[in-house]
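2 protein chains.
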Amino acid sequence: MPVVLDGKATTGKVMEELGAQVEALSERGVTPGLALVLTGTDKYSARYVRLKKKRAESIGIYTEFHHLEETTDEELGALIQRLNQDPKIHGIMVQLPLAEGLDELKAVNTIAPEKDVDGLSPNTLGRLLMGEECYPPAGVEAIAELFKRYGLEMEYKHWLVVGDSNFLSKPLAAYLMNKRLNVTTAGPNCPHIPELAKTADVISVEIQKKHFITADMVKEGVILIDNGNNYEGSKVFGDVDPSAYEKASAYTPVPGGTGPMLIAMLLRNTVRAASAASGV
Amino acid sequence: MPVVLDGKATTGKVMEELGAQVEALSERGVTPGLALVLTGTDKYSARYVRLKKKRAESIGIYTEFHHLEETTDEELGALIQRLNQDPKIHGIMVQLPLAEGLDELKAVNTIAPEKDVDGLSPNTLGRLLMGEECYPPAGVEAIAELFKRYGLEMEYKHWLVVGDSNFLSKPLAAYLMNKRLNVTTAGPNCPHIPELAKTADVISVEIQKKHFITADMVKEGVILIDNGNNYEGSKVFGDVDPSAYEKASAYTPVPGGTGPMLIAMLLRNTVRAASAASGV
Numbered sequence: 001m002p003v004v005l006d007g008k009a010t011t012g013k014v015m016e017e018l019g020a021q022v023e024a025l026s027e028r029g030v031t032p033g034l035a036l037v038l039t040g041t042d043k044y045s046a047r048y049v050r051l052k053k054k055r056a057e058s059i060g061i062y063t064e065f066h067h068l069e070e071t072t073d074e075e076l077g078a079l080i081q082r083l084n085q086d087p088k089i090h091g092i093m094v095q096l097p098l099a100e101g102l103d104e105l106k107a108v109n110t111i112a113p114e115k116d117v118d119g120l121s122p123n124t125l126g127r128l129l130m131g132e133e134c135y136p137p138a139g140v141e142a143i144a145e146l147f148k149r150y151g152l153e154m155e156y157k158h159w160l161v162v163g164d165s166n167f168l169s170k171p172l173a174a175y176l177m178n179k180r181l182n183v184t185t186a187g188p189n190c191p192h193i194p195e196l197a198k199t200a201d202v203i204s205v206e207i208q209k210k211h212f213i214t215a216d217m218v219k220e221g222v223i224l225i226d227n228g229n230n231y232e233g234s235k236v237f238g239d240v241d242p243s244a245y246e247k248a249s250a251y252t253p254v255p256g257g258t259g260p261m262l263i264a265m266l267l268r269n270t271v272r273a274a275s276a277a278s279g280v
Numbered sequence: 001m002p003v004v005l006d007g008k009a010t011t012g013k014v015m016e017e018l019g020a021q022v023e024a025l026s027e028r029g030v031t032p033g034l035a036l037v038l039t040g041t042d043k044y045s046a047r048y049v050r051l052k053k054k055r056a057e058s059i060g061i062y063t064e065f066h067h068l069e070e071t072t073d074e075e076l077g078a079l080i081q082r083l084n085q086d087p088k089i090h091g092i093m094v095q096l097p098l099a100e101g102l103d104e105l106k107a108v109n110t111i112a113p114e115k116d117v118d119g120l121s122p123n124t125l126g127r128l129l130m131g132e133e134c135y136p137p138a139g140v141e142a143i144a145e146l147f148k149r150y151g152l153e154m155e156y157k158h159w160l161v162v163g164d165s166n167f168l169s170k171p172l173a174a175y176l177m178n179k180r181l182n183v184t185t186a187g188p189n190c191p192h193i194p195e196l197a198k199t200a201d202v203i204s205v206e207i208q209k210k211h212f213i214t215a216d217m218v219k220e221g222v223i224l225i226d227n228g229n230n231y232e233g234s235k236v237f238g239d240v241d242p243s244a245y246e247k248a249s250a251y252t253p254v255p256g257g258t259g260p261m262l263i264a265m266l267l268r269n270t271v272r273a274a275s276a277a278s279g280v
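From first to last, the protein sequence lines stand for chains A and B. Sequential numbering from 1 applies to the first sequence in my numbering. Sequential numbering from 1 applies to the second sequence in my numbering.
It is possible that some hints are incorrect.
Copies of the same chain look alike in the list, so a pair counts if it works inside one copy or between any two.
[Unchecked claim] No more than 27 Å apart at the CA atoms, straight line, and that leaves these computed lysine-lysine pairs for DSSO-like:
| # | residue 1 | residue 2 |
| --- | --- | --- |
| 1 | K157 | K8 |
| 2 | K210 | K8 |
| 3 | K157 | K198 |
| 4 | K179 | K210 |
| 5 | K106 | K179 |
| 6 | K209 | K157 |
| 7 | K179 | K157 |
| 8 | K198 | K148 |
| 9 | K179 | K247 |
| 10 | K235 | K209 |
These are computed hints drawn from the structure, not numbers from a lab.
Excised from the complex, chain A in its bound form (with noise of 0.2 Å):
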């Protein structure tokens, strides 16, 4: 029987464990501060960043909720730059995708390294590709977090990295570049798929196609990482079809396996900030 990589179970250990953190940094006379910066008015990015002031705030996390519902470039600018200078705030999350014409990257590139938890800026991006330390993206820690807790090993895997965001695929791939593993990249057009599923020991796969990786492609043994979320009314599917988790020796689950870690990882790297910066 295969391993579930249940993300909801570690994300309550996890909570758990950066709420004494907190505690403990309270005690010391720090509180982590975390911005949450949101531009435009979908509702959806709305809610999630709610969520995200809502989980900080249960483990004791100070937090900013910047809303821009109509801003622009250098008025976003300003307020990232002001956050930068503000010694109450630790970590700034920058909801993305921004609202239309604004320019993310300016955006991005304007956070401070230091206070940049949600690993989005070009600065981490590099470093995190160089093997140095950094806040990595939420998506990228969330499938660290769950080898950790589980025991599995990184190391002489192969692993197929299916995908080309820049706060998930990508970022993973720098990541395990640094590990002593292989890592194939693949697009999510890319018509090779199939044949390099079949000898990955690893798959993470990130395209937004509903059960995309099926039984057939992959080996037996393999561990299966599906970040995909395929919304069918109020159900949601992942790329993997869960014909394939019976060859699999682990797999996360969707939905249940990385998605409800990834608010978890950022208030962990928003800690770590808070700690990095008060020296405590």
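Using the hints, position chain B against chain A.
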């Protein structure tokens, strides 16, 4: 017969084109400026930096050679900051490795992204990973340029990138991830290189092991990119065994392949930076 990707001949053409571009810029009142920064007393590095300076001057680029034989992180940082502000300087090349005891990440992180013509800073590497505009490291540009000049397709190929340096193999993989192709990476001590090499359409190798890639490892028609520099006295040998050339459709020789291209690519980035900074 395989195509020899002749870096020396290609460099000649590139330098000629660059000379014409520098002349055109001069006529509009812009002289591209390159600052060369060397730390420590290593003679080989000093010779290489002087060669860069000479080549730059040969096509009309203004140069400054800052040789800090004994220095500190603070002094080096202050020099880079000053060069960042200097309007005569469009590109800053800091020779790596730095003298012992100096903080390399700190130094390269100080270079302004718009003057990072050697592609060393985390910001540049992050942009490369994101597929955003930047000045890629010379080694990456050399490979891309040889492909272009010889009309070789990058797309739909499966690349194997063997090596793990921050100035070539990791940025090359980051660059390739943004193309429509598959890239597999392997560190220098990876035990799986022979089996991975067998299925690769293109192999880039940078592990400093003389003649490591042999004919029996590669498939018929492979393109071999050899970044090895294994010196034996005054002779230099690549990481690819010449026996493998016969199975290749194209290859870079050592010497005379990617090596001679490196300075020209640095100078091209400098000319580009001058053009971008002056809006000419």
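To see whether the hints hold, each was checked on the structure:
no., hint, verdict
1, K157 / K8, "within (26 Å within a copy, 39 Å between copies)"
2, K210 / K8, "within (21 Å within a copy, 50 Å between copies)"
3, K157 / K198, "both (14 Å within a copy, 18 Å between copies)"
4, K179 / K210, "between (30 Å within a copy, 24 Å between copies)"
5, K106 / K179, "between (30 Å within a copy, 23 Å between copies)"
6, K209 / K157, "both (25 Å within a copy, 23 Å between copies)"
7, K179 / K157, "both (10 Å within a copy, 24 Å between copies)"
8, K198 / K148, "within (25 Å within a copy, 32 Å between copies)"
9, K179 / K247, "within (25 Å within a copy, 31 Å between copies)"
10, K235 / K209, "within (14 Å within a copy, 53 Å between copies)"
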